Amino acid sequence: MPNLDSTFAALSDPTRRAILARLSLGETTVMELARPFEMTQPAISRHLKVLETAGLIVRRIDGSKRPARLAPGAIAEIDQFLDMLRNALAKNYARLDTLLAQIEPQKGGNPQ
Amino acid sequence: MNATASKNSPPLTLTTEDDTQVVVTRHFNASPAIVYRAHTEPQLLQKWLLGPDGWTMPVCVCEPWPGGKMRYEWANAKGHSFYISGEFVEVDPARRIVHIERMHLPDPTPDNRVETTFAPDGDGTLMTIRMTLPNAEVRAQMLSTGMATGMEASYARLESLLPL
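If you read the sequences in order, they're chains A and B. Counted from 1, the first sequence has number 6 at position 6 by the working numbering; the numbering is strictly sequential. Counted from 1, the second sequence has number 127 at position 127 by the working numbering; the numbering is strictly sequential.
Treat the hints as calculated values from the structure; they're not laboratory data. These figures come from a predicted structure and were not determined experimentally. Note that beta-carbon positions come from the ideal geometry of N, C-alpha and C, so glycine has one too. Where hints are given, some of them may not hold.
To be verified - Derived pair list, reagent style DSBU-like, types lysine-lysine, alpha-carbon separation capped at 35 Å: (1) B/Lys47 x B/Lys78; (2) A/Lys49 x B/Lys69; (3) A/Lys65 x B/Lys78; (4) A/Lys91 x A/Lys65; (5) B/Lys47 x A/Lys49; (6) B/Lys47 x A/Lys91; (7) B/Lys47 x B/Lys69.
As the list claims (entries may be wrong) - Label-pair distances were calculated between CB atoms; the ranges are: (8) A/Glu38 x B/Val98: 27 to 37 Å; (9) B/Val138 x A/Ile61: 51 to 61 Å; (10) B/Val61 x A/Arg69: 23 to 33 Å; (11) A/Pro36 x B/Gln43: 16 to 26 Å; (12) B/Glu137 x A/Ile61: 34 to 44 Å.
Said to hold, decoys possible - Far from chain B, by Cβ distances over 12 Å, these chain A residues were calculated: (13) Pro14; (14) Ser24; (15) Leu25; (16) Thr29; (17) Ala34; (18) Pro36; (19) Glu38; (20) Gly55; (21) Gly63; (22) Ser64; (23) Lys65; (24) Arg69; (25) Arg86; (26) Arg95; (27) Leu100.
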């Protein structure tokens, strides 16, 4: 990651986070990216430029196409994000554990 | 993909099966009847089904009978919100729930068929949630959305650290 400001700015946009999530599944062209996002190709290209400047993706030249993929360092980031999804679930269930301990089986009353 | 959560709580598994399913399992130290209640009574759901730090569930409609509706709405202090709507298909109290749900972001995502079972497991309950998506692409998108939500939490956490 070149610098925190550009990484931070790149990640601040939900479309760019979704693009990163999509690229975590494999290399993709602008045309393929534009389809699920229902955005124009120039709009997607602008987002890719921001991600590339932030060092989160790399692009190569393939004829007239410039397919994008995650930069090696970004993969570790994405792994962290998937961990956060698990953590969000784990947090829900840790809260539920606490709540279950407060519910009395016989009375079936609500806690608090 | 297969993962377990931290060591000091019962293990959570999150796995993909076939092309279209996502399966979550978790043990609870309470009877199936109680775990079922915590999944179907709004005043209980609003206490724990909150996801990342900083989110609340101001709206919770849950009608656990065939044809009954569900609507769970989440919000955070920054004014972001989204909701899930759905319908119950089969309900066998304390044992099994089948419902259809979709997330509104605000456009609705494709329908997710969710089967939740509560099975006796020692002194407690083994809960299994089996989600079935219409196809592999939708499943990938759903997991991506989860990642994007995780990213949002990451972003918020990063923000709380600034200025570095």
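Inset, instruction - Please write out, lowest number first, the hints stated earlier that are contradicted by the structure. - result: 2, 3, 4, 5, 9, 10, 11, 12, 13, 14, 15, 18, 19, 25, 26, 27
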